[in-house]
Amino acid sequence: MIIESFQNEKIKNITKLLTDNRFRKKSGVFVVEGQQENERAQKYHFEAEEFFVCENIFKGKIPKEKVYYVSEKVYEKIAYRGSSEGIVGIYKTKEAELSTFRPKENATLIIVEGIEKPGNLGAILRSCEAFGIDALIIADARTDFYNPNVIRSSVGCLFGMEFFQAENEETLEFLNKNGFNIYTTIMDETSEDLYQRDFTQKSAVLFGTEHSGLSDFWSGKGKNTLIPMAGSIDSLNLSNAVAITCYEALRQKKN
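Residues 12 to 266, numbered by the working numbering, are exactly what the sequence shown covers, in order.
The set of hints was computed from the structure by calculation and includes no laboratory data. Worth double-checking, as some hints may not be accurate.
What the hints assert, rightly or not - For lysine-lysine, the following PhoX-like pairs were computed, each having C-alpha atoms within a straight-line distance of at most 20 angstroms:
hint, residue 1, residue 2
1, Lys264, Lys232
2, Lys103, Lys84
3, Lys54, Lys70
4, Lys36, Lys105
5, Lys213, Lys232
6, Lys37, Lys21
7, Lys54, Lys72
8, Lys27, Lys37
9, Lys23, Lys37
10, Lys213, Lys188
11, Lys54, Lys77
12, Lys72, Lys115
13, Lys36, Lys21
14, Lys23, Lys115
15, Lys115, Lys77
16, Lys84, Lys21
17, Lys128, Lys213
18, Lys115, Lys265
19, Lys23, Lys70
20, Lys36, Lys23
21, Lys103, Lys36
22, Lys103, Lys75
23, Lys188, Lys234
My request is simple: use the sequences and hints to build the entire structure.
Laid out in structure tokens, this is it:
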């Protein structure tokens with residue numbers, strides 16, 4: 012049997028999960044679109060509830076879990092990216108308390124305060140996963156990790172990362188309790204070169220929003236650090252700044 016109606020309750024549920032953050036959080040499930048993204052979700056042991064497959068589009072191996080087949084028109088309705096790869100999965104969210112995280116002795120953390128744009132969060136996750144960052148913490152979050160734009164822009168890298176949401180106070184307490192070197196990135200404070208920092212020890216680098224940077228809460232809480240630049244511009248796109256920092260941490264550890 013193929014689902015062909017937009018009024019099917021399961022299809023209506025998916026569209027609501029895509030567009031309604033509160034409903035997604037209340038339901039405890041989220042949507043994953045695309046073959047690579049679904050493969051990564053399963054590889055890293057996210058629990059799948061069901062799949063929706065359009066046989067005219069999907070070219071991969073049909074999952075073993077509960078599968079519903081849908082028409083192309085219905086698939087276009089539930090696919091956030093349009094007619095892409097023909098598979099949508101519904102998974103249970105994973106929520107972990109920051110206090111449960113046990114960082115290793117040379118762990119590097121990226122912390123982003125108040126991030127608003129899901130696409131930026133996805134790009135940051137991609138860099139963190141690619142360069143071996145031990146965890147990403149979103150302090151005072153304004154978007155959630157399970158937003159479909161986060162999953163799309165991270166290309167599923169979310170699933171292979173340790174990630175947490177916490178308030179500023181809890182984040183600072185965790186860093187101090189676990190002996191992290193704290194590196195802030197505040198534009199108007201005295202700072203040192205990123206490449207002079209020692210990432211072979213426990214390190215946490217904090218970034219603020221692109222609009223206003225880190226809040227006053229973090230002023231004086233760590234050693235201020237900036238990326239040296241040769242041009243006339245005084246700042247980088249947030250996700251680019253994070254990527255450069257992640258790579259420097261990896262470079263030092265490899266050397």
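These are the hints, each one checked on the structure:
| no. | hint | verdict |
| --- | --- | --- |
| 1 | Lys264 - Lys232 | violated (25 angstroms) |
| 2 | Lys103 - Lys84 | violated (26 angstroms) |
| 3 | Lys54 - Lys70 | holds (19 angstroms) |
| 4 | Lys36 - Lys105 | holds (11 angstroms) |
| 5 | Lys213 - Lys232 | holds (16 angstroms) |
| 6 | Lys37 - Lys21 | holds (16 angstroms) |
| 7 | Lys54 - Lys72 | holds (14 angstroms) |
| 8 | Lys27 - Lys37 | holds (12 angstroms) |
| 9 | Lys23 - Lys37 | holds (16 angstroms) |
| 10 | Lys213 - Lys188 | holds (12 angstroms) |
| 11 | Lys54 - Lys77 | holds (17 angstroms) |
| 12 | Lys72 - Lys115 | violated (37 angstroms) |
| 13 | Lys36 - Lys21 | holds (17 angstroms) |
| 14 | Lys23 - Lys115 | violated (44 angstroms) |
| 15 | Lys115 - Lys77 | violated (38 angstroms) |
| 16 | Lys84 - Lys21 | holds (15 angstroms) |
| 17 | Lys128 - Lys213 | violated (28 angstroms) |
| 18 | Lys115 - Lys265 | holds (16 angstroms) |
| 19 | Lys23 - Lys70 | violated (25 angstroms) |
| 20 | Lys36 - Lys23 | holds (16 angstroms) |
| 21 | Lys103 - Lys36 | holds (10 angstroms) |
| 22 | Lys103 - Lys75 | holds (16 angstroms) |
| 23 | Lys188 - Lys234 | holds (17 angstroms) |
In the structure shown, a violation is registered for the earlier hints numbered 1, 2, 12, 14, 15, 17 and 19, in ascending order.
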